Amino acid sequence: MNAIKSTRFDLLDGLRGVAAIAVMLHHYTQHTGWDWFGGAWVAVDLFFVLSGFVIAHSYSKKILNGMSFREFAFVRLVRLAPLYLLGLALGVCAVLLSMAKTGTPQISGTQLATATVLGAAWLPYFNNIGWPFGTDSIVGATFPLNDPSWSLFFELFVNVVFAAYLYKFRKLPNAKYSLLAFIAFIACTVIFRQINPGWRAESFLLGFPRVIAEFFAGVFIFSAGLQFKKPHLLFTAMVTIAAMACFTIGNPKVAFVNSLTLVPLSVALLCSVSIEGIGQGICKVLGELSYPLYVIHFPIYRLVFESFEIRALNSVVQTLVVAGISIVLALLLARADQELRRKLTSFIKTKTSAAAV
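The opening residue of the sequence shown carries number 1 in UniProt numbering; numbering runs sequentially from there.
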């Protein structure tokens with residue numbers, strides 16, 4: 001490993017993939033009784049920090065040099081929407097299968113239709129319903145057909161905030177704004193006593209200060225030029241390993257502190273380190289599977305649970321079997337998604353060129 005020499009951030013790709021696997025294991029083990037990843041919900045905060053860094057790196061100059069909001073919005077929707085909609089469709093199928101097998105009397109057809117329509121519009125569904133997940137149920141999820149989608153709602157929101165700031169002020173925000181966002185997020189957490197907010201109705205509004213604080217921490221890491229600093233490899237490795245190790249600690253206070261300290265610090269340190277050879281290849285694969293895995297792992301578990309008698313397996317085997325299925329499907333979807341995005345982009349460019357003529 002050495003100082004960064006290109007505009008690729010391979011270790012950040014690898015980190016994103018590891019975080020996606022951690023979130024999957026957190027969700028699976030949380031509901032199978034093998035709860036070894038109680039603090040891995042912090043991976044969502046890591047995604048927000050990474051997103052802030054990558055979006056600032058990829059689009060800040062383009063926006064300042066004339067990229068329209070329509071173009072920016074199109075690029076982001078093409079990146080996120082296809083797999084988001086696939087995850088929603090899988091979630092609908094899973095709930096329908098559950099209703100057909102067990103009846104799920106707590107869910108009416110109207111409620112399922114409402115969740116589907118709002119989900120298709122990328123909007124939260126505020127409810128107090130217990131939605132099936134294996135032998136368990138999850139009450140009050142704002143995106144109940146595919147629970148992780150709540151973070152994608154906030155991702156789109158903060159992307160709009162980022163673009164609006166650049167269009168208005170013609171520069172990236174400085175450290176003062178990032179610090180104020182962090183203080184506001186911490187204050188909201190202390191005042192309302194809500195840790196890991198945003199995914200359910202009662203804490204939904206607190207998702208806004210959460211995503212703003214974490215995303216703009218990533219923007220600050222980019223604007224401060226930390227990607228060009230000479231890395232201290234041993235310290236970088238120690239911080240990153242510590243952040244990942246905290247994913248296994250279920251204490252919510254430890255997880256919250258991790259989200260504010262080690263997680264953004266890991267991004268700040270790893271962005272200046274390059275990697276070559278087989279390690280680079282592994283990081284590339286991890287980066288490619290991260291988003292598909294994050295989007296499909298929840299409904300895949302529901303579908304597998306309802307379709308096969310995996311409840312007879314012990315919690316460890318059950319978790320590993322469904323995790324393996326999800327990872328394989330995510331790898332296949334990653335390639336298909338890349339091709340679909342390429343075709344969509346090409347189609348729109350062709351239409352735009354024709355209209356201009």
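Source of the hints: derived by calculation from the structure; they are not laboratory data. These figures come from a predicted structure and were not determined experimentally. Using N, Cα and C, we set each Cβ at its ideal position, and we do this for glycine too. Check before you lean on any hint, since a few could be wrong.
[To be verified] Restraint-style ranges between C-beta atoms, simulated for each label pair:
#, residue 1, residue 2, range
1, 282, 316, 23 to 33 Å
2, 68, 321, 17 to 27 Å
3, 328, 169, 41 to 51 Å
4, 313, 96, 51 to 61 Å
5, 65, 320, 41 to 51 Å
6, 135, 278, 37 to 47 Å
7, 201, 253, 29 to 39 Å
8, 65, 313, 53 to 63 Å
9, 228, 81, 44 to 54 Å
10, 74, 113, 22 to 32 Å
11, 245, 161, 45 to 55 Å
12, 66, 201, 39 to 49 Å
Notebook entry, point to check: In ascending order, which of the hints set out earlier in this document are inconsistent with the structure?
Noted result: 2, 4, 7, 9, 11
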